[in-house]
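Participant: These protein sequence lines are chains A and B, in that order.
Our numbering numbers the first residue of the first sequence as 1 and each following residue consecutively.
Our numbering numbers the first residue of the second sequence as 425 and each following residue consecutively.
Don't read these hints as lab results, they were simulated from the structure.
By construction, the Cβ of each residue, glycine as well, lies at the ideal position given by its N, Cα and C atoms.
Misleading hints may appear alongside valid ones.
As the list claims (entries may be wrong) - Examples of chain A residues lying across from chain B (beta carbon under 7 angstroms, computed):
| hint | residue |
| --- | --- |
| 1 | P13 |
| 2 | G16 |
| 3 | Y20 |
| 4 | F24 |
| 5 | D46 |
| 6 | A177 |
| 7 | D185 |
| 8 | T193 |
| 9 | A197 |
| 10 | Q200 |
| 11 | H257 |
| 12 | C258 |
| 13 | V376 |
Said to hold, decoys possible - No farther apart than 35 angstroms at their CA atoms in a straight line, the calculated lysine-lysine pairs in the DSBU-like style are these:
| hint | chain 1 | residue 1 | chain 2 | residue 2 |
| --- | --- | --- | --- | --- |
| 14 | A | K302 | A | K336 |
| 15 | B | K956 | A | K281 |
| 16 | B | K730 | A | K381 |
| 17 | A | K281 | B | K531 |
| 18 | B | K731 | A | K381 |
| 19 | A | K239 | B | K824 |
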Amino acid sequence: MADYKIKVRRFQPESGEGPYWEEFNVDLEPSLSVLDSLLQVKDGEDGSLAVRCSCRAAICGSCGMKINGQSGLGCKTQIGEAQEQANKMAAATGVTAAEASSPIGAQAPEQSHLVRAAGQEEAGAGRTAATTEVAAPIVIEPMGNMPVVKDLITDMESTHWTKFRRVTPWLLPHGEAPEREYIVDPESMLDITQSMACIQCGACVSSCLSMEADPDFIGPAALAKAYRFVGDPRDAETKERLHDLAEDPHGIYDCTHCFSCIDACPKDVAPMDQIMRLRRKAGEEGIEDSNSGHSHEMAFVKIIEKKGTLDESGLLQESFAPGIKGKLKPSKRAIKEMLGSIPTAIRGIKTGKMRSLPKLIPGVHHKLPGGAQDDVKAIYKHAEEHNEEFNLYIKGDEGELAELEAEDAFEEKAGAQANEEASS
Amino acid sequence: MPTHDVLVIGAGLAGQRAALAAAEEGVSVGIISKVHPVRSHSNAAQGGINAALNPGDSWESHAFDTIKGSDYLGDQDAIEIMTREAPEEILHLEHLGVTFHRNEEGKLGTRAFGGASAARTYYVADITGQAIMHVLYEQLMKYSEQIARYEEWFSTALAIDENGECCGVVTRNVADGSMELFEAKSVILACGGNGQVWKPTTNALICTGDGIAMAYRVGAKLMDMEMIQYHPTTLAGKGFLITEGARGEGAHLLNAKGERFMETYAPNKMELASRDVVSRAEQTEINEGRGFPDGTVALDITVVPKKRVHEALREIVLVGRDFAGVDITREPIHIKPGNHYTMGGVKTDVDGRTDIPGLYSAGETACVSVHGGNRLGANSLLDTLIFGRRSGADAAARAKRIEGSKPSRKVLEDEDAMIADINSRANGSGRRVSEIKLELGQTMDAKVAVFRDEAGIQEALEVVQRLKEEAKSAYIDDHGSIFNQDLLGAIELGYMLDNAECTCVAALERKESRGAQYRTDFPERNDDEWLKHIDLEQTDDGPEISYSEVTITQWEPEARTY
């Protein structure tokens, strides 16, 4: 058994008070979970601490929460690991996870004095933690991008489930069902089983940076669900689904590729990968969406291949009027978009983010020096030669498998040697 | 007052399947669940679902395996219906979109499972329950005009009219604490099992026997309550489940000496004997000192090809890694028998009808009985779907047939009073609810588990009766309306204690060893005296015992070896 201090962001809606932080001391095995620590508090100390939970084994998806700022499941995060993480954060930054998390309280501005008070109090403690290696508190908060109902309970209906229903989440086969089963490629079923493995916990939604910027973004969980139908050979409305998701300004092209959802997902669903699959399929369908999402993506690929680094001004042009080479024919919309981006460019210059003014002129952007460009080309070549879907249910973890193969080869070799020795 | 023709309580596989079947009949349906439907415990069914669908397999073979598995306590008419209708149900699910594993020809593929004479388990990796349940939930969303969903509504009592027919239910909206009296012509209880009565258990925290207790309290009979399955492969301490699919894929059980001990207990079926047989074998090894110091034996999955493990047992790779710190592809994992499944429950006929007109039950809450003394792996999902569907259809037919009656407000007032009483108990006036739950769980796991005897069961019963008294003054901290989980926990404790009392009484009564009930003081099966069901009915003096016949169609009881 070991002692831990957990710091929980609480909100008791009937108290008339705003959100506040509360610390609890708990005593449990390091291999037990953060959820176990909350249940210990609930059972022994404060039954009003609200947290959804059921299976305790990362199957039901109830206990999505943020632990030290990272979205995940309370039941799947070991308290010992959460402690190490909290300590590391404190040591690395001189700031405890507790402090780092405080600004989130700014969501409720009327309570900012409370949060500030807590933050100041922590600031001192945090520095001590960093220098004397006193354990930093493990910070537990409700999921992000969702209204908080009570303590760690969020309103998933208004955020996650509404969007989930938006993607028509049921199979749409055409015609009569066959007498027996549909005959389909076995790999196709394994392929969409990765999406089926989603337990709707909301951790990806909580972590989604695009959704933070655009609350209307359909989001990683709902789009992963959409792939489950797009990738299903039994579904007859693949094209309609892809058009719908590509044309929606909050659809598949609203994802910014930040990988947060992949990190957060407790079931290795890799929602972003599913979104990229949707994009690829939309591209294969030749869907030129009105958001220019597809051409924007292609522009990225083309420019990096050509120059090795991103030419922002070229990107804009290429995205809205692909195929320059002296034949620039921007559509009315492209002109509008390019003019519309001028304030962004000015802001970039003012803030020092855009340092090289010539970069604003399309075509001026330089290539990578020397052999670096060849390396980029080699990456492209490798990607083209390995143009296959990566799916956990089919292949397991990539690194893990490579390791296993190496190990098997070694064992075989050792076995062969042993045989040889035995026969000689 | 919200009114529906058919009201389903519980939204796991049985409840969702019942709701869809009722909606198909064109009646209005409401489905109530204390958690969001996809959080239901059907999720945890990893391994698969049985059906004799392969050429060369037959429903008779599936039925016989099930009957033998049940140690001849299963009702053979019900088992016949379940196994005959299984293939059609699998195809129905496949057509709805379940991503069942395919063989190389692209057809449905199977895996081997315990107690079965053929590989007839259909599966989706090791997330079969989850995959099926999410697909049914897709259908609930699709038919949302006919099926109203009440997600996070906690049911506290059934309403019975003056003719003794069920006409509604009192339910608390968890989000705001409001109490509603729902009216319905038919009510289906599909609330899952009672695993939380034991600690540890593979079951989720929500599995508190709500449906069984609610039915019992309005006078419905319970049956086979002594039959509690201990699953052979659960993680020590936490009770997490390692699917039987692991043994289906070829994993071995080893004692601390490295011996594959099942050779002694089930030389033919080895690790794939019935669960009660394997659990007893493991417990015997542990009790006789051939286990590991932590009171376990080992499950060796390293003998299964690695690619196959990643493809078909991925979930338990994660369970091993995240909850036991073991890479199951490289080293054996320590396991022990753990509480897993409630074979008994609310006594129903093959259409889910209980003794109370208008009240139905399906899934783990119900006892049809298709599992008898011991459930075969991958028959539970099948049970939920077949009898969920049949209950839904019959409940809808009844709703079309009858006028229905308005439930009396009295039941709502009683429930308001019950909640006011819990809220009125001062902090520190009695024990904490959580303390009572812990004592209950540990007592049941010690005394009413794999091996039982009269003294132990009697002791457990006395503890349960004392805890029932203590529960009357147990206090809670939260007195609010919004998401008051503390209050719900106190109500659940009452459900759990009713379940526990019934299990103890039935286990004490059955003076023989059959299926999951192994009495060290009566170690033999005794067909002359005990080839019968034990039924229980609530009275002021506790459960009253009666008996009912086991239906035998074509399979006479035989000695049971694997």
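Participant: Work down the list of hints and note, for each, if the structure agrees.
Facilitator: To see whether the hints hold, each was checked on the structure:
1. P13: Check passed: Cβ of P13 of chain A comes within 5 angstroms of chain B, closer than 7 angstroms.
2. G16: 12 angstroms, violated
3. Y20: Not OK, violated: Y20 of chain A not within 7 angstroms of chain B, min 16 angstroms.
4. F24: 13 angstroms, violated
5. D46: Holds. Min distance 6 angstroms.
6. A177: Holds - the Cβ of A177 of chain A comes within 7 angstroms of chain B, reaching about 4 angstroms at its closest.
7. D185: 6 angstroms, holds
8. T193: Result: holds, 5 angstroms to nearest chain B Cβ.
9. A197: Cβ of A197 of chain A sits 6 angstroms from chain B, so the hint holds.
10. Q200: Holds, about 5 angstroms.
11. H257: 26 angstroms, violated
12. C258: 24 angstroms, violated
13. V376: Given a least distance of 33 angstroms, the restraint on V376 of chain A is violated.
14. A:K302 to A:K336: It holds: about 23 angstroms lies between the C-alpha atoms, which stays within 35 angstroms.
15. B:K956 to A:K281: 60 angstroms, violated
16. B:K730 to A:K381: With Cα atoms ~31 angstroms apart, K730 of chain B and K381 of chain A stay inside 35 angstroms; holds.
17. A:K281 to B:K531: 25 angstroms, holds
18. B:K731 to A:K381: 28 angstroms, holds
19. A:K239 to B:K824: 41 angstroms, violated
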